[in-house]
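Under my numbering, the first residue of the sequence shown carries the number 1, and numbering increases by one thereafter.
Bear in mind the hints are in silico, worked out from the structure with no lab data behind them. Beta carbons are placed, not taken as given, at the ideal position from N, Cα and C, and that holds for glycine. Careful: at least some of the hints might be erroneous.
Said to hold, decoys possible - Okay, the calculated beta carbon distance ranges per label pair:
no.: 1; residue 1: Gly19; residue 2: Lys77; range: 15 to 25 Å
no.: 2; residue 1: Thr46; residue 2: Lys20; range: 12 to 22 Å
no.: 3; residue 1: Ala31; residue 2: Leu71; range: 16 to 26 Å
no.: 4; residue 1: Thr55; residue 2: Asp2; range: 33 to 43 Å
no.: 5; residue 1: Thr3; residue 2: Lys49; range: 30 to 40 Å
no.: 6; residue 1: Asp42; residue 2: Gln18; range: 32 to 42 Å
no.: 7; residue 1: Asp42; residue 2: Gly19; range: 10 to 20 Å
no.: 8; residue 1: Pro53; residue 2: Ile12; range: 13 to 23 Å
no.: 9; residue 1: Lys49; residue 2: Ala13; range: 25 to 35 Å
no.: 10; residue 1: Thr3; residue 2: Thr55; range: 33 to 43 Å
As the list claims (entries may be wrong) - Mimicking DMTMM-like on lysine to aspartate or glutamate, the simulated pairs with C-alpha atoms at most 20 Å apart in a straight line are:
no.: 11; residue 1: Lys41; residue 2: Asp2
no.: 12; residue 1: Lys20; residue 2: Asp54
no.: 13; residue 1: Lys49; residue 2: Glu15
no.: 14; residue 1: Lys20; residue 2: Glu51
no.: 15; residue 1: Lys49; residue 2: Asp37
no.: 16; residue 1: Lys77; residue 2: Glu17
no.: 17; residue 1: Lys20; residue 2: Asp37
no.: 18; residue 1: Lys77; residue 2: Asp54
no.: 19; residue 1: Lys77; residue 2: Glu51
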Amino acid sequence: MDTAVRAGDAPIAVEVEQGKSYWWCSCGRSARQPFCDGSHKDTGFTPVKYEAPDTRTVYFCACKATANRPLCDGSHKRA
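Make the full structure from the sequences, and use the hints.
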């Protein structure tokens, strides 16, 4: 599997906590979007770690086309 599955057409807003780590699903197969549930096994994809620098709302990419992994960069509007 070389191409990620598009898991959504809009970013997913998540309230993150400062210092906490989050594992973003890069393959698009996870049932726990935007986070990894291990569905990438045997795909060649690996989750991407995001460590929150502060407590706030961030927007994780759901289309999996972002150049700013794991955060949304607006690619869902072009892809």
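For Lys49 and Ala13, compare the CB-CB distance with the range 25 to 35 Å and indicate the outcome. Since the Cβ atoms of Lys49 and Ala13 sit about 19 Å apart, the hinted range of 25 to 35 Å is violated.
For the hint 32 to 42 Å, verify it against the beta carbon of Asp42 and that of Gln18. holds (35 Å)
Okay, Thr3 versus Lys49 on CB: inside 30 to 40 Å? violated (22 Å)
Status of the given 13 to 23 Å range, CB of Ile12 versus CB of Pro53: Because 19 Å falls inside the window, the suggested range holds.
Keeping to a limit of 20 Å between CA atoms, is the pair of Lys20 and Asp54 held or broken? Holds - the C-alpha atoms of Asp54 and Lys20 are around 9 Å apart, at most 20 Å.
Range hint 15 to 25 Å (beta carbons of Gly19 and Lys77) holds or violated: Because 32 Å falls outside the window, the suggested range is violated.
Verify the proposed pairing of Lys20 with Glu51, using a straight-line Cα cut of 20 Å. holds (6 Å)
Agreement of Lys49 and Asp37 with the hint, judged by alpha carbon distance not exceeding 20 Å: Holds: Lys49 and Asp37 sit about 13 Å apart, inside 20 Å.
Given the hint that Lys77 pairs with Glu51, test it: the Cα-Cα distance must not exceed 20 Å. violated (26 Å)
Below or equal to 20 Å on CA atoms is what counts here, so check Lys77 against Glu17. With Cα atoms ~28 Å apart, Lys77 and Glu17 exceed 20 Å; violated.
Taking the Cβ atom of Thr55 and the Cβ atom of Asp2, is their distance within the range 33 to 43 Å? holds (36 Å)
Is the distance from the Cβ of Thr46 to the Cβ of Lys20 consistent with 12 to 22 Å? At roughly 20 Å between Cβ atoms, Lys20 and Thr46 fall inside 12 to 22 Å, so the hint holds.
Of the numbered hints listed earlier, those contradicted by the structure are 1, 5, 7, 9, 16, 18, 19.
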